[in-house]
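Note that the protein sequences, when read in sequence, are chains A and B.
Per this note's numbering, the very first residue in the first sequence carries number 7; after that it's consecutive.
Per this note's numbering, the very first residue in the second sequence carries number 48; after that it's consecutive.
A couple of the hints might just be wrong.
To be verified - Where chain A lies over chain B, by a calculated footprint (3+ residues, C-beta under 8 angstroms):
#1 96-107
#2 138-150
#3 156-163
#4 184-192
#5 319-327
If you are wondering where the hints come from, they were derived from the structure by calculation, not from laboratory data.
All residues carry an ideal CB built from backbone N, CA and C; glycine is no exception.
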Amino acid sequence: MDLLEYQGKQFFASYGIPVSDGAATGEVDEAVAIADRVGYPVVVKAQVHTGGRGKAGGVKLANDAAECRLHASNILGLDIKGHIVKTIWVEHASDIAEEYYASFTLDRSAKKHLGMLSAQGGVEIETVAEENPDAIAKIWIDPVDGLTEAICREWVLAAKLNPAATEGAIDILTKLYTAYVDGDADLCEINPLILTPTGQVHALDAKVSLDSNAVYEHPDYAQYDATQPRDEREEAAHAKGLQYVGLEGSVGVIANGAGLAMSTVDVINQVGGRPANFLDIGGGANADVMAGALEVINNDSNVKAIFINIFGGITRGEEVANGIVEAMGRVALDSPIVIRLDGTNADEGRAILAPHLSDKLMMEPTMLDAARKAVELAKG
Amino acid sequence: MSIFLDENSKVVYQGLTGSQGRYYGLLNQAYGTNVVAGTSPKKAGTDVEGIPVFATVGDAREATGANVSCIFIPAPGVQAAVLEAAEAGIELIVCITEGVPAHDEAYFFNKLKRDFPNTRLLGPNCPGLISPGKANVGITAGHIAKPGGPVGIVSRSGTLTYQALYELQQKNIGVTTCVGIGGDPVPGTSFIDCLAAFEADPDTKAVMMIGEIGGSAEEEAAEFIKRHMTKPISSYIAGVTAPPGKKMGHAGAIVSGGKGTAAAKMAALEDAGVRIGNNPTEAGELMAEIVASL
Chain A
7 MDLLEYQGKQ FFASYGIPVS DGAATGEVDE AVAIADRVGY PVVVKAQVHT
57 GGRGKAGGVK LANDAAECRL HASNILGLDI KGHIVKTIWV EHASDIAEEY
107 YASFTLDRSA KKHLGMLSAQ GGVEIETVAE ENPDAIAKIW IDPVDGLTEA
157 ICREWVLAAK LNPAATEGAI DILTKLYTAY VDGDADLCEI NPLILTPTGQ
207 VHALDAKVSL DSNAVYEHPD YAQYDATQPR DEREEAAHAK GLQYVGLEGS
257 VGVIANGAGL AMSTVDVINQ VGGRPANFLD IGGGANADVM AGALEVINND
307 SNVKAIFINI FGGITRGEEV ANGIVEAMGR VALDSPIVIR LDGTNADEGR
357 AILAPHLSDK LMMEPTMLDA ARKAVELAKG
Chain B
48 MSIFLDENSK VVYQGLTGSQ GRYYGLLNQA YGTNVVAGTS PKKAGTDVEG
98 IPVFATVGDA REATGANVSC IFIPAPGVQA AVLEAAEAGI ELIVCITEGV
148 PAHDEAYFFN KLKRDFPNTR LLGPNCPGLI SPGKANVGIT AGHIAKPGGP
198 VGIVSRSGTL TYQALYELQQ KNIGVTTCVG IGGDPVPGTS FIDCLAAFEA
248 DPDTKAVMMI GEIGGSAEEE AAEFIKRHMT KPISSYIAGV TAPPGKKMGH
298 AGAIVSGGKG TAAAKMAALE DAGVRIGNNP TEAGELMAEI VASL
């Protein structure tokens, strides 16, 4: 779950990390009221789940109420790479002496937490990593040990920040590690982390991604789930608890198991078609789940054919076939279906489907044959 | 022979009295797995179809000599369950549970490595493992696997594992052990662990490896294969056309910042001499060719 900047800043603030005084709003009048409260100059920032906000005109400095009103009304409703701005964040503009970079993430390869700190902030860390890798001080933290103050100090010194920033950076990084671990984050990034002319260190930006598997430990994360960027199809699938990713093509995909669903998307591409989605209905494949999946796909106007790819493991072929027949009775479908049913009791399952076969419901013996058929139908 | 699991393994099910634990525990027993015990703090002293239930893994191990545990406990209890099994001296912990937070996984992976180096953890979020004809621990359908050999299978995906087993069975090719390492960011057992065990197993003559997008486990496996594997390998990587930045069902299946693509994984494996299929069927056909030439 990716947080918007203002959510990330509020998340940081709840762990005691200093951020600029500000607030989020969707109203121009309120933006001006926030600016009046925090004091000019202010920065008005678009809150969208994409980068490149500055270039798109989504980040503006305002010196007075009139400028704040102008920028707020221009930015609200702005289209940034397909994301319409509904919320802006207004904060007191900071004086910047230096810009740094700091982050924690899980290094899947080392199976430890990775901290990265650089005196070169304000630019993409990938660019720094490529052009000047020595400018990034890295530490790997064993989750059993955690981050001690002594190690944090050593790390900050290795990053060669301005000595005036040392104590402030140690304080923020210690708190950032706590936020990262206690908050079950996949990523906590501050870029830039700034040093002000008066020697204060604070977070000028916030990029936070939280582990959706840990929501049960954090009931308040439901608020972030509500602002995740999803198109209409993804929203409908999410509401039904389906594992769905929207794609751009015309062949709807339903498969049981994440690996098989990924593989189905691949095979459709390999035979010259374009999948409309990734959808994993899990191992069970009963009528309720199948009907829900068919509904979601049927509502996608790009879909011209549907490929149901089922491999029976513990779930037997006849159960799957009965589920499909029942689901088809419940949903009025616009597109033809091609089924590939294999695995446990596949013959029994195919026998159940046989009397229902028509030009709306076809069956093919292999995954490749079924993919070819579905693509052919989608192309009309 | 087989790896990690055989007919002598004595298995305790943590969460045997829950609906999933009971269903798969009994199914595994029906397959022939030596299911010796279950645990449930509240139902100690009872039994499930004659399988005795103990309060803790320690009690179960003391009474039955269990050396393998299989976890069917909901995600919030998994960390405690893994550590309980390790402290009881279990040698192989198989964690089926899906949805375990990545920070928990990173914690108990490192805790086990440090304090219980002789305990192997498989999973979480994995289908388990099967040594066909000997024992089956987890949710794999036993009847789609042909016993014997000469092929060992290791996979990150459940259904693609079943598909691989089934295709080999259709071609009358047997399997020594099939290990599902799971699709989470911090799997307890890696491709490399399984490849090394298959390389050392005299009955395994070839290995089928099924990977997917996300992380760099396949690239690391490719390095290992180059240096240490003498046995031929066929492979398939799922997610060739997956869009970047999206989790494809599994928590670990995500291409981020241009890293973890299927193309990079396939290139690394091919460079290590692995034969790559463009879909699971092709990988099975390649394995049939390899087996025919052994």
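Comparing the hints with the structure gives:
1. 96-107: violated (count 0)
2. 138-150: With 5 residues close enough to chain A, the hint holds.
3. 156-163: holds (count 4)
4. 184-192: With 5 residues close enough to chain A, the hint holds.
5. 319-327: holds (count 3)
Hint compliance for this structure: hint 1 alone is broken.
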